[in-house]
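4 protein chains.
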Amino acid sequence: MRYERDPILAARQAQLHAALRATRNHTARLVAGLSAEDCMVQSMPDASPVKWHLAHTTWFFETFILERVQPDFVPFDPAYRVLFNSYYVGVGQRHPRPARGVLSRPGLEEIHAYRTHVERALDALLQYPLAVELLDLIELGVHHEQQHQELIVTDLKHHFWSNPLHPAHGPLSEALPVAESATRWLPFSGGLVETGRRGAGFAFDNESPRHGVWLQPFQLAARPVSNAEYLAFVEDGGYRRPELWLSEGWDTQQREGWRAPLYWHDDLRGHYTLGGDRALAPGEPVCHVSYYEADAYARWAGSRLPLEAEWEHAASSAWPLRAGEGNFLESGRLHPRAAQEQGLSQCFGDVWEWTGSAYLPYPGFQPASGAVGEYNGKFMINQMVLRGGSCATPREHIRPAYRNFFPPGARWQFSGIRLARHLRE
Amino acid sequence: MRYERDPILAARQAQLHAALRATRNHTARLVAGLSAEDCMVQSMPDASPVKWHLAHTTWFFETFILERVQPDFVPFDPAYRVLFNSYYVGVGQRHPRPARGVLSRPGLEEIHAYRTHVERALDALLQYPLAVELLDLIELGVHHEQQHQELIVTDLKHHFWSNPLHPAHGPLSEALPVAESATRWLPFSGGLVETGRRGAGFAFDNESPRHGVWLQPFQLAARPVSNAEYLAFVEDGGYRRPELWLSEGWDTQQREGWRAPLYWHDDLRGHYTLGGDRALAPGEPVCHVSYYEADAYARWAGSRLPLEAEWEHAASSAWPLRAGEGNFLESGRLHPRAAQEQGLSQCFGDVWEWTGSAYLPYPGFQPASGAVGEYNGKFMINQMVLRGGSCATPREHIRPAYRNFFPPGARWQFSGIRLARHLRE
Amino acid sequence: MRYERDPILAARQAQLHAALRATRNHTARLVAGLSAEDCMVQSMPDASPVKWHLAHTTWFFETFILERVQPDFVPFDPAYRVLFNSYYVGVGQRHPRPARGVLSRPGLEEIHAYRTHVERALDALLQYPLAVELLDLIELGVHHEQQHQELIVTDLKHHFWSNPLHPAHGPLSEALPVAESATRWLPFSGGLVETGRRGAGFAFDNESPRHGVWLQPFQLAARPVSNAEYLAFVEDGGYRRPELWLSEGWDTQQREGWRAPLYWHDDLRGHYTLGGDRALAPGEPVCHVSYYEADAYARWAGSRLPLEAEWEHAASSAWPLRAGEGNFLESGRLHPRAAQEQGLSQCFGDVWEWTGSAYLPYPGFQPASGAVGEYNGKFMINQMVLRGGSCATPREHIRPAYRNFFPPGARWQFSGIRLARHLRE
Amino acid sequence: MRYERDPILAARQAQLHAALRATRNHTARLVAGLSAEDCMVQSMPDASPVKWHLAHTTWFFETFILERVQPDFVPFDPAYRVLFNSYYVGVGQRHPRPARGVLSRPGLEEIHAYRTHVERALDALLQYPLAVELLDLIELGVHHEQQHQELIVTDLKHHFWSNPLHPAHGPLSEALPVAESATRWLPFSGGLVETGRRGAGFAFDNESPRHGVWLQPFQLAARPVSNAEYLAFVEDGGYRRPELWLSEGWDTQQREGWRAPLYWHDDLRGHYTLGGDRALAPGEPVCHVSYYEADAYARWAGSRLPLEAEWEHAASSAWPLRAGEGNFLESGRLHPRAAQEQGLSQCFGDVWEWTGSAYLPYPGFQPASGAVGEYNGKFMINQMVLRGGSCATPREHIRPAYRNFFPPGARWQFSGIRLARHLRE
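Just so you know, the protein sequences line up as chains L, P, X and B, in that order.
So the first sequence is numbered by UniProt numbering: it starts at 1 and just counts up by one.
So the second sequence is numbered by UniProt numbering: it starts at 1 and just counts up by one.
So the third sequence is numbered by UniProt numbering: it starts at 1 and just counts up by one.
So the fourth sequence is numbered by UniProt numbering: it starts at 1 and just counts up by one.
Be aware that one or more of the hints could be misleading.
Away from chain P, derived, C-beta distances all over 10 Å, residues of chain L [what the hints assert, rightly or not]:
#1 Pro45
#2 Val69
#3 Leu165
#4 Glu229
#5 Ala368
For the chain X half of the interface with chain L, some residues (derived, Cβ under 7 Å), not all of them [claimed, not checked]:
#6 Ser35
#7 Ala36
#8 Glu37
#9 Asp38
#10 Met40
#11 Ala79
#12 Val102
#13 Arg105
#14 Gly107
#15 Ser162
#16 Asn163
#17 Leu165
Keep in mind the hints are simulated off the structure, nothing from the lab.
We treat Cβ as the ideally placed atom computed from N, Cα and C, and that holds for glycine.
Take the sequences, apply the hints, and build the full model.
This is how it looks when you write it as structure tokens:
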């Protein structure tokens with residue numbers, strides 16, 4: 001008699017298989033217009049070559065799935081185990097991060113073959129009813145690849161901008177017409193709220209456990225800070241007034257010579273986008289600011305950044321998204337849009353929103369077991385939490401409890417600002 | 001008719017005047033045995049020469065009190081305004097921090113004259129009934145000087161240790177006999193607790209406002225981690241196992257070549273103390289560890305560091321101290337002692353305790369107005385909170401709500417570890 | 001009547017045109033087996049991508065010839081003027097040297113088109129009887145491109161070695177059989193000798209003027225130091241004995257962790273070559289040593305490095321080369337060979353030979369006028385002279401008076417050692 | 001019968017004993033006005049505290065004389081062997097150079113006691129007829145201490161200038177009146193000249209052996225370049241015109257932000273001297289310029305720097321000095337004076353003169369044997385030769401063959417410029 005699988009698990013496996021294929025195909029489409037040379041460049045130590053992203057996301061499946069499961073596992077190339085390991089000490093040695101741009105070999109063609117090879121092996125594997133722990137790992141691999149889709153976009157933007165030719169990666173995003181208006185403030189009463197992973201869907205370990213947090217009453221801006229608003233800060237001497245800055249932030253911008261957000265032109269009228277150089281659209285969310293800049297702007301504006309629990313509490317009211325809502329990676333626009341609504345808007349997509357919360361473990365946090373336990377936990381120091389996803393985030397990747405994190409000086413992500421303030425009774 | 005002052009304010013002023021004198025005198029006694037050459041050295045950019053501390057604490061009173069109040073104010077030396085400004089941008093230029101060791105002029109004698117000059121002027125000023133805002137500033141100056149008393153001790157320890165002769169600053173602290181015993185765990189039920197400044201006594205702006213925090217049930221170790229316990233971690237390969245470390249912590253200890261706490265000998269049997277080199281006493285609290293090491297130790301021990309609200313909630317039960325309780329600066333011992341009790345002990349004095357909380361503003365935080373508003377708020381990034389004071393902290397300086405903060409790699413403070421863990425129901 | 005050109009100049013122009021074509025074609029053949037990705041990599045700031053070399057040598061002709069001469073000059077791409085300027089301040093801005101690896105655009109195909117475009121324009125130009133100053137510049141461009149042919153090889157070797165896969169660029173060079181024998185010393189009597197440019201052939205400005213130098217009597221080794229000899233130095237603790245080293249050399253090797261020449265394996269038995277990893281051949285000249293290592297070796301061997309005037313005086317007796325003599329770029333071997341002769345041998349080709357002379361102007365030195373005057377003169381500090389060319393030098397490029405120069409810590413050139421000593425009467 | 005010593009040796013020993021005492025006493029007088037704090041400061045890694053100089057010069061005698069000779073040698077303090085070793089690897093470990101400012105212990109009083117102790121032991125030793133090798137070492141120690149007298153002055157000047165108070169070390173040097181006049185050029189015919197140590201007097205090993213050098217005809221400026229002349233270079237955009245600079249020189253001045261010689265005020269009208277801040281005297285020799293600046297100035301002036309053999313050949317005609325001639329350390333002026341004569345003047349004293357010669361071994365150079373062989377030879381790379389002594393050099397210390405050397409970027413010595421040029425026939 002043929003083995004009958006639990007239909008719920010069977011359905012999950014089928015759905016996961018479809019998501020796996022869709023995600024892998026999406027990655028391939030994302031890089032379709034790039035030359036082998038384009039895929040080679042590492043324009044700063046924090047960024048990686050596109051080719052490396054393509055290989056590393058494949059390495060993840062090969063190392064954490066195939067190598068553990070295939071009875072007759074043979075690596076596609078034994079050298080890849082080291083070359084494409086990002087930071088998993090549990091897996092062994094790693095090629096040094098700042099030297100990823102030196103790998104002309106393996107070539108892009110070989111990496112595409114590697115991708116196909118691993119995809120076929122995963123397809124074959126998914127013919128069998130797999131243990132739930134394996135499904136969990138494959139699902140992790142899908143979400144891992146979605147993260148790297150976003151990094152492919154942000155790293156490519158930095159790379160193309162570093163080239164004096166400022167090449168465009170796609171069509172220029174048209175600015176939507178927008179009626180400039182002052183920030184609207186939405187009130188929240190605080191008290192004991194729940195925060196963290198909700199329901200049975202996928203979540204990273206750092207979103208758990210769900211737990212109670214006590215909030216003071218607060219207000220949240222209905223939309224992110226716009227270019228026009230940020231320009232007013234710059235023109236008011238924002239980058240020349242140390243009293244507006246955290247001490248480290250001031251030292252950083254002095255040392256780095258910051259005078260405006262990353263990618264802005266010196267004349268404060270245009271900026272580099274993935275569609276090429278373009279005039280600043282006043283109504284679009286300001287983007288590519290560090291935490292230091294977001295914090296200084298908030299101080300200048302007499303406000304503050306929201307706590308991550310405040311943000312999550314408020315944004316949950318705007319979730320789930322309606323069909324077609326939100327400016328995500330799938331639109332291909334790769335640029336934030338101006339706000340079009342009056343209520344709480346743009347929590348998801350457009351720009352990541354810096355919060356005033358440090359990236360630290362939730363009470364009772366347990367990292368996943370094995371090497372994938374290195375995914376999140378070991379970075380919980382000197383980073384701040386960002387929420388909500390950006391125009392480079394895959395739509396399926398984001399949720400209210402999602403915690404992104406970067407050091408306070410990072411600017412090459414699509415990171416913007418939403419203000420909060422305490423309720424003055 | 002003679003002006004009759006509110007007797008409560010009058011009493012406060014009298015008490016403050018006494019505290020001012022006591023604190024200034026204590027500083028003088030603290031450095032009495034040091035030569036002018038001893039007071040010159042800056043052994044690393046984070047530390048300052050003793051002479052600079054003596055001048056800077058005086059500068060604080062001259063700049064924030066005398067200059068604003070004296071009708072015929074003449075600075076002791078106009079150059080001091082720049083030379084002894086630490087980081088107050090609102091006051092103007094500053095001599096660069098890493099170059100403080102270059103100031104052979106003004107000499108120590110001149111700085112002692114400066115101290116006397118300002119003390120006399122303050123004495124004269126305190127003959128008048130002063131406005132309450134001035135009393136607040138003088139009180140801030142007293143607490144500011146107490147902080148620098150601790151820094152004099154920690155900077156001097158680093159300086160003497162940097163000299164290959166390892167000179168002693170005082171008599172060798174004798175180790176108390178102690179029965180080694182396993183950590184005892186004390187349970188706390190959590191829920192909504194209050195945290196932050198309590199009552200009318202002095203507090204820094206960063207301790208306010210008092211506010212509610214929701215805690216999960218937790219356990220706290222009765223005493224800090226001992227040298228013997230930490231040695232077991234070291235001997236278990238603690239510094240060679242990356243899986244125990246935060247990623248930045250691992251990179252830091254590899255780069256810096258850490259193999260044990262600061263001041264430990266290479267043979268793991270002795271360490272440098274302000275009384276000279278001495279054998280490690282197994283029962284004494286481990287000291288001079290960074291946050292990275294505290295965190296790695298906690299992970300190795302299957303525990304975690306306490307949140308600052310957990311710590312404060314627990315420690316409040318041990319407050320106020322009984323007469324003679326606690327190992328503080330006043331004892332002159334300048335070295336932590338072994339725990340002598342069974343219950344919750346050594347929360348105050350002995351060693352600062354790293355918490356797992358980032359140093360960030362409390363909800364509704366307002367920095368003090370004017371240049372003294374730079375005292376705390378502008379450092380609220382990339383630092384972790386420590387609680388409870390150390391053997392180098394003046395006893396009057398500490399309280400349950402007190403928030404100390406240092407970057408996670410700092411080791412030259414008397415910083416130790418108290419473990420916490422979630423209650424496993 | 002048709003213009004009749006001076007036949008000598010006409011012959012020179014014809015010969016130069018042939019040399020130009022031959023050199024350009026040789027460059028193309030040199031990179032024929034490389035992928036576009038291979039041509040992208042900059043493995044250290046001192047090295048450049050192959051693609052950059054291909055473009056820069058073309059930029060040289062476009063900027064210094066076409067732009068000045070063509071009546072209707074239109075640049076191939078105006079951006080190239082900045083992108084491919086190496087260090088000519090007189091020409092204007094330059095793309096920063098360490099960021100040459102970021103230029104995925106223009107792609108390799110476009111650079112090949114650029115090369116063809118400029119070559120055709122030069123061909124057209126050379127239909128006319130050109131002024132002698134132009135011929136001089138074209139000749140300079142040919143020799144400039146020959147220098148970059150060598151750099152293509154040395155930079156590629158460093159790049160491939162930086163890749164953990166250690167790819168090979170060509171067939172493995174077979175080691176010639178050799179009878180190991182002690183160094184033979186050849187005596188020279190010294191006195192007043194002439195040094196510098198001789199005759200009418202091409203020479204760089206730094207080889208002039210020819211002038212007298214007074215030499216003491218000296219001896220020169222008949223052949224370069226071999227791998228076997230250098231290995232004896234290493235095994236005698238050469239890298240652990242500070243008394244053998246210049247103070248800066250010792251500091252450099254300690255800081256960089258040198259234990260053997262660049263490209264040697266840790267086990268001292270093999271090394272990386274452009275044919276892949278291979279066993280060390282004892283009789284081959286040691287290669288890829290810095291001046292510091294050459295100097296330390298000489299001290300260990302009780303000798304010294306030759307002065308450049310000594311070297312030139314001796315090597316002139318071995319010049320011109322016989323047909324087929326010498327191991328140069330044209331052989332495609334790209335690896336030094338073992339000495340096969342008894343007399344003074346291998347002065348030309350195989351390995352550059354460090355001299356004990358600093359790279360400084362000859363008495364009466366005049367840099368060429370215009371921007372090409374920046375070619376040599378402005379580097380005359382903190383560099384040492386090397387003589388004789390290597391297995392990566394085009395044969396036509398070398399001559400007895402040729403002065404190559406690198407900082408004393410450089411190791412990625414094919415640099416070796418020939419010993420000298422004072423005559424003990 | 002009593003031992004009768006060779007009267008020549010006896011006279012030499014008596015003379016040496018007197019020189020030893022005079023030099024030691026001179027050192028003591030030189031630092032007489034400094035506080036213990038003044039003697040502590042290390043204002044940059046290249047400079048050392050005065051106290052360190054006092055101890056190190058004493059260590060030299062203790063280590064190289066007393067330790068080898070005294071039958072019952074007991075070190076004054078065993079720790080000093082490491083603390084005050086500068087760079088003699090042959091003697092053993094050294095305290096790290098950049099950490100010399102951390103040594104508050106031993107205190108200045110203790111170092112004075114150390115000096116007295118060693119001086120008495122040397123006095124006792126010199127009661128005996130000593131072997132000639134010992135006399136040579138004592139003589140070396142005297143000249144070594146003279147070098148450190150100059151370093152005491154130059155390091156102190158840098159230290160006091162680093163203090164924003166700009167304290168003065170002595171009376172302000174008055175500027176001599178001077179009639180500004182153009183450079184006079186003195187012709188020399190060149191040919192075979194002798195260079196290097198001459199006669200039986202003391203010389204460092206790097207001045208030997210005396211040997212022949214062939215010189216082209218040349219001209220030498222009668223006096224060093226003046227402040228007025230250098231100011232014309234600055235005001236002609238000298239620091240903004242890269243074509244005037246060596247490539248490394250340009251990079252250095254851009255990175256360091258040089259706009260004028262070290263110690264000049266930003267307004268180009270005054271400078272810091274050891275007598276305090278003072279107006280620039282137009283006729284005084286420009287001072288505290290690096291080789292890069294000297295070279296750029298010479299290029300701007302259509303000249304070049306002299307070779308060391310040219311300088312020595314010319315300066316020998318001005319040697320020996322007449323009684324009272326020359327501005328040396330003994331005058332206590334510590335500042336260069338304006339030229340007062342028409343012929344070749346100021347070769348000795350006032351300012352060291354950068355030559356265009358790299359500091360390399362003379363043909364047949366043999367370092368002294370033993371650890372003192374590290375005195376000179378191991379620094380023969382990446383340094384340029386300076387000649388003639390300065391206003392901070394003891395008069396007895398200088399001679400025509402004397403070779404001083406510093407890296408091309410050093411500016412804190414009293415280093416100036418004398419021009420040379422080739423004879424245009």
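- Taking the shortest Cβ-to-Cβ distance between L/Glu229 and chain P, state whether it exceeds 10 Å. Check passes; 23 Å lies beyond 10 Å.
- Verify the interface restraint on X/Met40: the C-beta must sit less than 7 Å from at least one C-beta of chain L. With a minimum Cβ separation of about 5 Å from chain L (threshold 7 Å), the hint on X/Met40 holds.
- Restraint satisfaction for X/Ser162 [CB to CB of chain L, less than 7 Å]: This hint holds: X/Ser162 lies near chain L, its Cβ roughly 5 Å from the closest one there, short of 7 Å.
- Taking the least C-beta to C-beta distance, is X/Arg105 closer than 7 Å to chain L? holds, 5 Å
- Interface restraint verdict for X/Leu165 against chain L (beta-carbon cut-off 7 Å): holds, 6 Å
- Check on L/Leu165 being off the interface with chain P, judged by Cβ distance over 10 Å: The claim holds: L/Leu165 sits with its nearest Cβ about 35 Å from chain P, beyond 10 Å.
- Message: Please check whether X/Ala79 passes as an interface residue: C-beta within 7 Å of a C-beta belonging to chain L.
- Response: holds, 6 Å
- Compute the least Cβ-Cβ separation between L/Pro45 and chain P, then decide whether it is above 10 Å. Correct as stated: the minimum Cβ-Cβ distance to chain P is 13 Å, above 10 Å.
- Go through the hint on X/Asn163 and say holds or violated, using the shortest Cβ distance to chain L against 7 Å. holds, 6 Å
- Query: Looking at L/Ala368 again, its CB stays over 10 Å from all of chain P?
  - Reply: The claim holds: L/Ala368 sits with its nearest Cβ about 13 Å from chain P, beyond 10 Å.
- Item | Proposed interface contact between X/Ala36 and chain L, which counts if any beta carbon pair is under 7 Å | holds, 5 Å
- Assertion that L/Val69 lies outside the chain P interface [Cβ separation over 10 Å]: holds, 23 Å
The structure fails none of the hints (numbered hints given earlier).
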